[in-house]
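For the record, the sequence lines run as chains C and V.
Just so you know, the numbering used here puts 174 at position 174 of the first sequence, and the rest follows in order with no gaps.
Here the numbering used here = 1-based position in the second sequence + 278.
Hints listed in this document are in silico derivations from the structure and should not be mistaken for laboratory results.
The C-beta atom is built at its ideal place from N, Cα and C for all residues, glycine as well.
There could be a bad hint or two in this list.
Said to hold, decoys possible - Facing chain V, according to a computed beta carbon distance under 8 Å, are these residues of chain C, among others:
{"no.": "1", "residue": "85"}
{"no.": "2", "residue": "166"}
{"no.": "3", "residue": "169"}
{"no.": "4", "residue": "171"}
{"no.": "5", "residue": "176"}
{"no.": "6", "residue": "178"}
{"no.": "7", "residue": "191"}
{"no.": "8", "residue": "227"}
To be verified - Simulated restraints, written as ranges between beta carbons of each label pair:
{"no.": "9", "chain 1": "C", "residue 1": "14", "chain 2": "V", "residue 2": "315", "range": "56 to 66 Å"}
{"no.": "10", "chain 1": "V", "residue 1": "389", "chain 2": "C", "residue 2": "142", "range": "52 to 62 Å"}
{"no.": "11", "chain 1": "V", "residue 1": "432", "chain 2": "C", "residue 2": "167", "range": "12 to 22 Å"}
Unchecked claim - Calculated Cβ distances over 10 Å to all of chain V for the following chain C residues:
{"no.": "12", "residue": "174"}
{"no.": "13", "residue": "177"}
{"no.": "14", "residue": "187"}
Listed here are the chains, written in short residue letters.
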Amino acid sequence: MNRQQSLTVALLRHAVLLAGAVIMLAPFVWMISTSLKPPNEIFSTDLSLLPRKWFALENYGKAFTKVPLLRYLLNGVIVTAGIFAAQLLVSLPCAYAMAKLRFRGREVMFTLVLVGLMIPAQVPAIPRYVMLYQVGLLDSYAALILPFVVSAFGIFLMRQFFRTVPDDLVHAARLDGCGEFEILWRIMLPLAFPAMVAFAIISVVAHWNDFFWPLVVVQTGDLATPPLGTLFFRNEEAGSDFGPLMAGTVVITAPLVLLFLGAQRRFIEGMTLTGMKG
Amino acid sequence: MGAITISGLGKSFGTVEVLKDVSLDIADGEFLTLLGPSGCGKSTLLRIIAGLERQTAGSIAIDGRAIDGLPAKARNIAMVFQSYALYPHLTAARNIALPLTMRRMTPWQRLPLVGSLLPGTRGLRAAIGRDVAGVAAALDIAHLLDRKPGQLSGGQKQRVALARAMVRQPAAFLLDEPLSNLDAKLRVQMRAELTDLHRRLATTMIYVTHDQAEAMTMSDRVAVLMGGDLLQVGPPRRIYDDPETLQVAEFVGSPKINVLPGRMGRPGLVDCLGARLPLGVPGGPDVALRVAVRPEALVLARPDAADCLRGRVRHIENLGSDCMVHADVEGAADPVVVRLDPEAGGRLARGTPIALEIPPHRALVFDAEGKRLRPDAATARLRRAGA
Ligand SMILES: Nc1ncnc2c1ncn2[C@@H]1O[C@H](COP(=O)(O)OP(=O)(O)O)[C@@H](O)[C@H]1O
Ligand SMILES: [Mg+2]
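Input sequences plus hints: build the corresponding full structure.
Now the structure itself:
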């Protein structure tokens, strides 16, 4: 009786999870499936995941030749890597100071970080645009990178992690002759590696997928990031050629999925933030 | 080399005064123990000496040179932390090497990859390696050098932390409750090893503990710190036998010293629960006093003897080597504890009436505020009053 009951519960649970997974994955599966089909099959009424006639080469070929897809990918890499590197450079020292140093105004600063965390990117978009216009940086990599250099989230995440590092460790390092920079570099950074990986994934995913800001500041196609690139794609193809479009989106999404799969363990470690004990 | 002078040191966190006007002279090569209950400011005092925290008043000097403005790394003082504070991502060898790496190598030489291409780096690294091996051998941890702290037991971590402090040959060691995380047996063993180490190094050590057994067994001198006040400084024996205040008398010694209510009787006599003690302490008639007697100082008297404390046995603890007898004494709030040899203790049972004699020279008399009253002070004051 009891065992039967628990079996039913387990089955139910798995059924719910399975349904969730199907709902989440279906669009992706459909995207991949569409990217493999010829145009006449895409709009046919009978549902089929696998194409009757394989059209992958044509679709992917077209995706890479009609628009500079590789260029978009490269732009994506430059922008996301640039943003993340700059974010680390700013948020690590900042988070360390807020976690481990005592100075006046520290609490106020942290409150400001929390406030910054709650402001959506769209709110300061217009002033940022005007500022970039005034310094003549619109339509450049700088326009894509600079607004994100200071990440309230990065500072917050790293500060929370640094706080779990015992004070005695910092004290010991000071007595051993380390300056603040060396404490950060030699002690805090290696310990905070899981948190950094989590931050990396969140930052890279957000800026790789960002559509809004590149749309605002980029005019020339040469600087388009991957999501903006798909827009150009649609404009050029008059929005009807879904096979190559889907092929393009598969290529754009793939790096993120691979990145996540590669760093999954670290990511979960970082997000649960168990920190250090003793 | 490592004489430390602390004068008028004070520390407040906001409105909370953690250290109050602490003054202390520590001789070069001395083993001084800071003894006090948890939260009395011991760690704060050590951190100030080390330069990790700024005092709000007073000054510290090493060998006569004030070090108040110096950052921690310029003070040439090493510290062993209660939590060991080993760097978890580095092997024991690299933990021990870090103080030398930071001191002997330039920032360029310390850089990964680039550093090893610079002239002199290889030689320096080799020398550091030899020094690390040297201390590791002295502390018997040579076989642990490749392990990370997570793979070490408490006692082994302790030794690695000691090695890291020793390797740069500092002017003084600060040890903050280094044994409190070890199990009882290892603690006793490490006590002896630390004393031995101090003898070999002959370097000043300031040792913090709340464990009076450690303080009594290891130190040249003990400084008792309570509530931020330095109550008494002296050799362990004197702290135990000749405490300045009731607080010190009660904190030092296990089982705790017996404190009995007393009263000035006829001039020169102290009445204490039926016992009359010719102590000659100062004070007018009928002034309330407190008489403190160590458990081993009380003497079991014949039941019919005069001038004795009287009571009944409440509880007997036979420890094998000696026997602690707890007795309810008429007029005393807490049971009085007497240490007897097991043979004498064995003749008693629960409920047996007993009489206890206080040998006058073993009784410590304190005034109502807990300040020690001494006979000689009394005569001095009487003489002054008479003049
Ligand atoms: N950074 C700090 N801020 C505020 N209070 C502190 C700080 N450090 C220590 N204290 C307080 O100072 C007192 C003494 O602490 P500590 O020196 O650690 O005591 P001990 O080492 O003797 O147990 C404690 O009451 C503690 O709460
Ligand atoms: Mg402490």
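Going through the numbered hints above, which ones does this structure break? Give me the numbers in ascending order. 1, 8, 10, 12, 13 and 14
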